[in-house]
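Trainee: For the sequence shown, this note's numbering assigns the number 1 to the initial residue and increments by one for each residue that follows.
It should be emphasised that the hints constitute simulated quantities derived from the structure, not laboratory data. One or more hints might be untrue.
Unchecked claim - Below 30 Å or equal to it, Euclidean Cα-Cα: the simulated BS3-like pairs (lysine-lysine) are:
(1) Lys134 <-> Lys175
(2) Lys154 <-> Lys175
(3) Lys134 <-> Lys36
(4) Lys175 <-> Lys195
(5) Lys134 <-> Lys154
(6) Lys198 <-> Lys175
(7) Lys134 <-> Lys195
(8) Lys154 <-> Lys198
(9) Lys154 <-> Lys195
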Amino acid sequence: MTMPLFPLGTVLFPGGYLPIRIFETRYIDMVSHCMKQGCDFGVCLINEGQEVGEPAVPYTIGTMARIIDWGSDDDGLLSITVMGTERFRVIENTLQDNNLITAHTQVIEPEIENDYYLANGSEQERETWTELTKVLEIYMESVKGEKTLYHEIKNDPHWVSYRLAELLTIPLPAKQELLELGVAERISRITSWAKELKWI
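Starting from the given sequences, assemble the full structure and let the hints guide the process.
Mentor: This is how it looks when you write it as structure tokens:
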């Protein structure tokens, strides 16, 4: 699958939402194309470089982004909201004449260990899972009534672990690592961070 890439200074996780302001011509054209064709683009964390100007070097694992809302801000700039869908791996990328990066990518399928984790985890793992879910419940309760696209917790280790990863105040490379890990190891790393931050 070939898609345009949007290197950003943030990590988009599957199931997550991200507002983006667009002002560079290459990305205005990209968004226009995606909206007309009904296709997604890829969001990757920047490994080297900046969001604006010369093409940045992105990490090779990112998340497909689907445009779910768009409009103009008060200053006239294009503003979109995207939802992360699936993770992907960059196989090869190409720099276009307008400095837009396009990439041949491969979707990373969700692991079948998702259900296994809930059904076969150790007693300690299940207790930790309950504590982590409680952290997310408290957060969602705290933002109730505010503008949020999350309304209920899904009983899904992937979904919960991605939402917790969004909340963690950790360095971006650490968030990128959480995106790349399988669900069991991701939850293990999140547990370590949660203990360090005294969440649990």
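Trainee: All hints, please: hold or fail.
Mentor: Hint check:
| no. | hint | in the structure |
| --- | --- | --- |
| 1 | Lys134 <-> Lys175 | holds, 21 Å |
| 2 | Lys154 <-> Lys175 | holds, 21 Å |
| 3 | Lys134 <-> Lys36 | violated, 41 Å |
| 4 | Lys175 <-> Lys195 | holds, 16 Å |
| 5 | Lys134 <-> Lys154 | holds, 12 Å |
| 6 | Lys198 <-> Lys175 | holds, 18 Å |
| 7 | Lys134 <-> Lys195 | holds, 14 Å |
| 8 | Lys154 <-> Lys198 | holds, 24 Å |
| 9 | Lys154 <-> Lys195 | holds, 23 Å |
In summary, the structure is inconsistent with hint 3 from the numbered list given earlier, while agreeing with all the others.
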